[in-house]
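A.B. asks: Residue numbers (the numbering used here), protein chains in the order written: chain U, 95 to 377; chain Z, 22 to 435; chain P, 10 to 321.
One should not assume that every hint holds.
[To be verified] Think about it this way: if two alpha-carbon atoms lie no more than 27 Å apart in a straight line, the pair counts; the simulated DSSO-like pairs of lysine-lysine are: (1) Lys245/Z - Lys386/Z; (2) Lys336/Z - Lys348/Z; (3) Lys331/Z - Lys117/Z; (4) Lys331/Z - Lys348/Z; (5) Lys291/Z - Lys162/U; (6) Lys146/Z - Lys117/Z; (7) Lys87/P - Lys286/U; (8) Lys79/Z - Lys330/Z; (9) Lys162/U - Lys67/Z; (10) Lys117/Z - Lys87/P; (11) Lys37/P - Lys415/Z; (12) Lys330/Z - Lys162/U.
Bear in mind the hints are in silico, worked out from the structure with no lab data behind them.
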Amino acid sequence: MSTQATELRLNASRIRPGLIITWTLLFIGGLIMVTPLLYMFSTSLKSAGQVYDLRLIPAAPTFDNYIKVLSDGRFARWFFNSALVAITVTLSNVFFDSLVGYTLAKFQFRGRQLVFIAILSTLMIPTEMLVIPWYLMSSQLGWLDSYWGIMFPGMMTAFGTFLMKQFFEGVPDDFLEAARVDGLNEFTIWWKVAMPLVTPAISALAIFTFLGNWTAFFWPLIVTTSRELYTLPVGLSSFAVEQSIQWEMIMTGAALATIPTLLVFLFFQRYIVRGVMLAGLKG
Amino acid sequence: MRIRTMLAGLAAGLSLMAVTAAQAVEIQYWQYVFETRVNAMDQLIKNFEAANPDITVKQVTFPYADYQTKVIASQAAGQGPDVLQFFYGWLDQFQKGGVLQPLDPAVFPSDKIESEFFPIVTAVKRGDSYYGLPTAVRSLALFYNKKLLDEAGVKPPQTLDELVDVATKTTKTDGGGNITSEGITLDFAGQDHQWWREVLVRQFGGVPYDADGNVAYNDEAGLKALEFYTGLQTDKKVGLAGFMDEGQAAFKAGLAAMTIDGTFRLGAFKPITDFEWGVVELPANADGLRSNYASYFANGIGAGATGEKKAAAEKFLAYITSDEAMKVWLDVVGELPARRAAALTDANLADPIYAPFLKGLDYAKTTQFLDEAGQRQTAIDMVNRVFLEGQSPKDSLAQAASAEQAIIDAAKAK
Amino acid sequence: MAASAQSTSAGATRKGRSGFRLTLHGRKVLWAWTFLALPIVFYCWIRFYPTLSAFWMSFTDWDLLRPANFVGLANYQKLFADPNFWKVFRNTFTYLIIGTPVSLVLSFVIAFYLDRVRFMHGFIRALYFLPFLTTAAAMAWVWRWFYQPIPIGVFNDVLASLGLPAQPFLRSTTQALPSILVTGIWAGLGFQIIIFMAGLRAIPSTYYEAARVDGLGEWAILTRITLPLLKPTTVFLVVFSSIGFLRIFDQVYNMTTNDPGGPLNSTKPLVLMIYQTAFSSFQMGYAAAQTVVLFTILLAVSLLQLWIMRKR
Chain U
95 MSTQATELRL
105 NASRIRPGLI
115 ITWTLLFIGG
125 LIMVTPLLYM
135 FSTSLKSAGQ
145 VYDLRLIPAA
155 PTFDNYIKVL
165 SDGRFARWFF
175 NSALVAITVT
185 LSNVFFDSLV
195 GYTLAKFQFR
205 GRQLVFIAIL
215 STLMIPTEML
225 VIPWYLMSSQ
235 LGWLDSYWGI
245 MFPGMMTAFG
255 TFLMKQFFEG
265 VPDDFLEAAR
275 VDGLNEFTIW
285 WKVAMPLVTP
295 AISALAIFTF
305 LGNWTAFFWP
315 LIVTTSRELY
325 TLPVGLSSFA
335 VEQSIQWEMI
345 MTGAALATIP
355 TLLVFLFFQR
365 YIVRGVMLAG
375 LKG
Chain Z
22 MRIRTMLAGL
32 AAGLSLMAVT
42 AAQAVEIQYW
52 QYVFETRVNA
62 MDQLIKNFEA
72 ANPDITVKQV
82 TFPYADYQTK
92 VIASQAAGQG
102 PDVLQFFYGW
112 LDQFQKGGVL
122 QPLDPAVFPS
132 DKIESEFFPI
142 VTAVKRGDSY
152 YGLPTAVRSL
162 ALFYNKKLLD
172 EAGVKPPQTL
182 DELVDVATKT
192 TKTDGGGNIT
202 SEGITLDFAG
212 QDHQWWREVL
222 VRQFGGVPYD
232 ADGNVAYNDE
242 AGLKALEFYT
252 GLQTDKKVGL
262 AGFMDEGQAA
272 FKAGLAAMTI
282 DGTFRLGAFK
292 PITDFEWGVV
302 ELPANADGLR
312 SNYASYFANG
322 IGAGATGEKK
332 AAAEKFLAYI
342 TSDEAMKVWL
352 DVVGELPARR
362 AAALTDANLA
372 DPIYAPFLKG
382 LDYAKTTQFL
392 DEAGQRQTAI
402 DMVNRVFLEG
412 QSPKDSLAQA
422 ASAEQAIIDA
432 AKAK
Chain P
10 MAASAQSTSA
20 GATRKGRSGF
30 RLTLHGRKVL
40 WAWTFLALPI
50 VFYCWIRFYP
60 TLSAFWMSFT
70 DWDLLRPANF
80 VGLANYQKLF
90 ADPNFWKVFR
100 NTFTYLIIGT
110 PVSLVLSFVI
120 AFYLDRVRFM
130 HGFIRALYFL
140 PFLTTAAAMA
150 WVWRWFYQPI
160 PIGVFNDVLA
170 SLGLPAQPFL
180 RSTTQALPSI
190 LVTGIWAGLG
200 FQIIIFMAGL
210 RAIPSTYYEA
220 ARVDGLGEWA
230 ILTRITLPLL
240 KPTTVFLVVF
250 SSIGFLRIFD
260 QVYNMTTNDP
270 GGPLNSTKPL
280 VLMIYQTAFS
290 SFQMGYAAAQ
300 TVVLFTILLA
310 VSLLQLWIMR
320 KR
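Using the sequences and the accompanying hints, generate a full structural model.
C.D. replies: Below, the structure written as structure tokens:
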């Protein structure tokens with residue numbers, strides 16, 4: 095529980111009027127924060143003529159926009175693309191970042207520091223600088239307009255590696271030694287003994303990686319060419335421009351792009367928040 | 022045993038598929054994203070594949086802003102398309118990038134092209150060779166909202182003065198002076214910059230570019246044209262740049278009485294049900310001088326297409342520039358057929374929607390762009406400086422002229 | 010158990026067969042390098058090589074149309090002489106200088122008070138966090154709609170009903186950048202609030218108890234205990250959000266599609282300039298030079314911030 099809150103509880107069980115004001119302001123602030131989302135949903139339920147009616151609750155809500163947008167299957171395709179890319183990259187990161195982080199944390203060998211610093215230094219290189227070489231590389235290797243083309247830059251990250259290394263350092267060496275004595279090989283030790291001990295870190299990494307890839311825009315915009323391969327953000331952007339500014343359709347598209355993450359959040363809120371906190375503390 | 026027979030059957034089936042797959046040639050067609058054109062092309066591809074079962078065509082599209090780069094980059098990597106669409110004004114850039122190959126005169130004889138297509142097709146001729154053929158051409162016209170005009174009791178304008186009059190009478194504002202329905206859309210990023218360049222400048226007595234292709238609008242005529250246009254917002258207050266974000270959005274929503282746009286907008290305006298709309302030729306000036314801007318996207322054959330693919334590409338190109346394809350394009354997109362015979366049919370000439378565009382084609386001019394995106398941007402910035410920064414039209418015009426001339430010089434130097 | 014018996018015997022056999030003796034330590038080192046092999050290849054190929062490639066490209070005049078020629082610092086000279094670049098440079102720093110302090114102050118204040126609230130704490134926290142999960146591209150369109158002029162823009166409608174003049178927002182060279190910045194701040198607040206709350210919770214309550222015993226007031230507690238102890242968190246967030254604002258792209262691209270970079274380049278950040286130079290004008294060498302400049306800016310700003318905050 096929060097230290098300050100506990101403090102307050104201990105101090106006095108009377109509800110200070112200041113606290114009520116604070117709560118109210120915070121609550122109103124929270125509602126203001128989600129107002130854009132509310133308007134987005136509300137507009138998606140309005141027909142073209144009603145867009146100019148700016149009430150939050152639509153006068154005659156209709157699902158027509160959703161039917162129209164979903165009917166040609168584009169959004170479903172883009173959703174699938176985003177999911178495929180995000181899941182694959184997440185799995186790859188969970189595997190490789192953990193493996194490298196573990197190796198750097200638990201093995202002693204010459205060159206360890208060098209490798210660690212080298213990997214860490216890549217954090218300083220912004221992806222915007224690499225995009226042009228990546229594009230040309232992909233162009234020459236035929237990776238343009240392919241799932242691999244979208245995924246390859248993010249398969250391993252220094253941030254994830256750093257995070258996992260921090261967590262693995264907290265794993266007691268005794269557990270690993272015991273496993274070695276039992277005759278397990280190093281890979282099995284990592285996979286079966288060390289990994290289960292850092293599940294909070296793994297879930298944090300997975301959440302961040304998934305979120306980052308699900309909402310990624312810049313690189314997918316550059317590397318994809320055919321509409322069938324767009325990820326959801328890129329598809330939504332092209333859809334919005336294509337729609338020649340029919341706001342109710344654009345809002346519907348934006349809503350469709352947002353609903354999945356909202357649902358995931360609803361179910362995994364606790365893990366997500368905990369993951370963010372963990373990352374921040376160790377970062 | 023049964024498994025073995027099944028496997029054998031599977032193997033036979035797979036090898037059969039491999040054989041037939043090997044015989045089918047796949048070619049790629051590239052164009053930029055514009056919903057109705059993509060749809061039209063989907064239809065044409067379907068027709069073509071049905072008639073040519075040994076050829077499959079894959080359509081690949083890009084956002085407009087990246088199109089040129091992606092085409093050139095792919096060509097540099099040896100993965101260019103077999104057939105691609107390009108704006109006639111990009112031909113020089115594309116040639117430098119080695120993107121296109123000249124059309125084989127045996128398959129596409131020049132004299133046949135020149136007799137069958139509108140004369141503006143020569144803009145994609147270099148030397149004796151054609152580098153592409155258009156499916157459709159476009160010109161500009163004035164769209165008007167019949168309902169709004171009737172309400173105000175006015176008829177569609179025939180001259181510039183009438184235009185201002187109609188716009189004034191159809192503009193609606195709210196209590197605070199904000200426009201709630203504009204008389205005419207102001208969207209320089211749309212087609213208005215073409216209207217200004219090839220129509221207004223000429224109607225006020227000047228020319229946009231001289232015979233060598235240099236900027237020639239930085240004079241009295243160009244200034245009057247710019248003042249007329251910007252005056253619509255600053256002075257007469259019959260329009261607002263950025264209203265409803267884009268001019269065609271305002272018109273579609275029924276919140277603009279008039280808009281100047283091209284034939285390609287017909288496909289987008291067709292679904293409008295809330296009001297009836299009509300089309301008239303662009304207004305003439307007080308002396309009755311009319312002008313118009315015609316342009317087109319041509320389809321060319323990629324430099325990397327050889328052998329089978331080239332043959333397939335040529336077949337496809339011939340189909341998409343055939344009368345049949347042009348008819349489909351006209352229906353779905355609204356762009357006019359590039360072949361005279363297909364365009365100037367009695368039906369089309371009598372059609373109240375197509376006729377003004379066709380008439381406009383007769384006296385239309387086609388700007389020879391050297392860097393279309395850059396030149397377009399200088400025009401947009403010119404108007405923005407007047408609207409947003411309060412710069413005088415004279416100064417803004419001069420600034421734009423020198424900026425555009427610099428672009429032209431840079432492009433020529435390459 | 011059978012497995013371990015097998016592996017020990019296999020181990021013994023391996024030792025005997027291989028000829029040269031692999032010590033226990035040696036074998037572990039071999040494992041380590043095996044684990045690192047693929048990742049090292051990956052980082053070299055995907056991160057280091059392209060970096061060198063970008064630097065090299067920045068010294069050429071490559072524009073995809075002709076083979077690249079070495080031109081030394083010509084691209085950089087051209088860049089620094091271009092008034093558009095300085096406009097973009099100012100824009101990028103404006104995003105940073107306004108964005109980071111505003112969002113950090115806001116998020117700290119909210120985190121501070123939210124931490125004290127228990128009733129519906131989870132719900133309110135979710136309200137603040139939701140925007141962080143949204144896709145920047147999607148939300149850019151929602152906010153773009155908000156900023157529209159009358160009659161469809163929500164903000165202008167509210168202003169009109171209050172009798173205030175309508176604002177041009179995205180159609181103004183002065184209001185466009187802040188308008189877009191608001192979208193970015195809005196999206197990032199949730200993350201910063203959560204991080205601040207984690208930092209606040211990590212402060213042991215004994216410190217507060219001791220301070221209260223000493224008779225310190227709330228403000229003094231805040232400035233002398235809470236904030237100093239939050240420094241690592243603050244430093245992390247300052248650097249993190251600075252880098253984010255310096256690299257802003259998604260919102261600008263989507264909110265200014267018909268005139269990218271805002272009216273008269275008033276909203277164009279460096280990343281958008283890079284994108285246009287590379288992918289609309291295909292001047293790869295020039296664009297690469299711009300990316301090197303971006304890299305330098307990011308590096309300089311991060312190091313500067315770390316240095317400043319370390320001193321105090």
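A.B. asks: All hints, please: hold or fail.
C.D. replies: Results for each hint:
Restraint check for Lys245/Z and Lys386/Z: satisfied, since their Cα atoms lie roughly 20 Å apart, inside the 27 Å limit. A distance of roughly 18 Å separates the Cα atoms of Lys336/Z and Lys348/Z; the hinted pair therefore holds under the 27 Å criterion. Note on Lys331/Z and Lys117/Z: the hinted pairing holds, with a Cα-Cα distance of about 21 Å set against a maximum of 27 Å. A hinted pair counts as satisfied when its Cα atoms are at most 27 Å apart, and Lys331/Z with Lys348/Z qualifies at roughly 25 Å.
Distance restraint check for Lys291/Z and Lys162/U: the Cα-Cα separation of roughly 17 Å lies within the 27 Å cut-off, and the hinted pair is therefore satisfied. Proximity of Lys146/Z to Lys117/Z is assessed by CA-CA distance (about 15 Å); at most 27 Å being required, the pair is judged to hold. The suggested pairing of Lys87/P with Lys286/U is violated, with an alpha-carbon distance near 57 Å, which exceeds 27 Å. Taking the CA atoms of Lys79/Z and Lys330/Z, the gap is about 13 Å. The hint holds against a cut of 27 Å.
Distance check on the hinted pair: Lys162/U and Lys67/Z sit about 23 Å apart at the alpha-carbon level, within 27 Å; holds. For a cut-off of 27 Å, the pair hint linking Lys117/Z to Lys87/P stands: about 23 Å separates their Cα positions. Pair hint Lys37/P plus Lys415/Z does not hold up; C-alpha atoms about 78 Å apart against a cutoff of 27 Å. Of the pairs offered as hints, the one joining Lys330/Z and Lys162/U is violated, with about 37 Å between alpha carbons and a cut-off of 27 Å exceeded.
Hint violations for this structure: numbers 7, 11, 12, all remaining hints satisfied.
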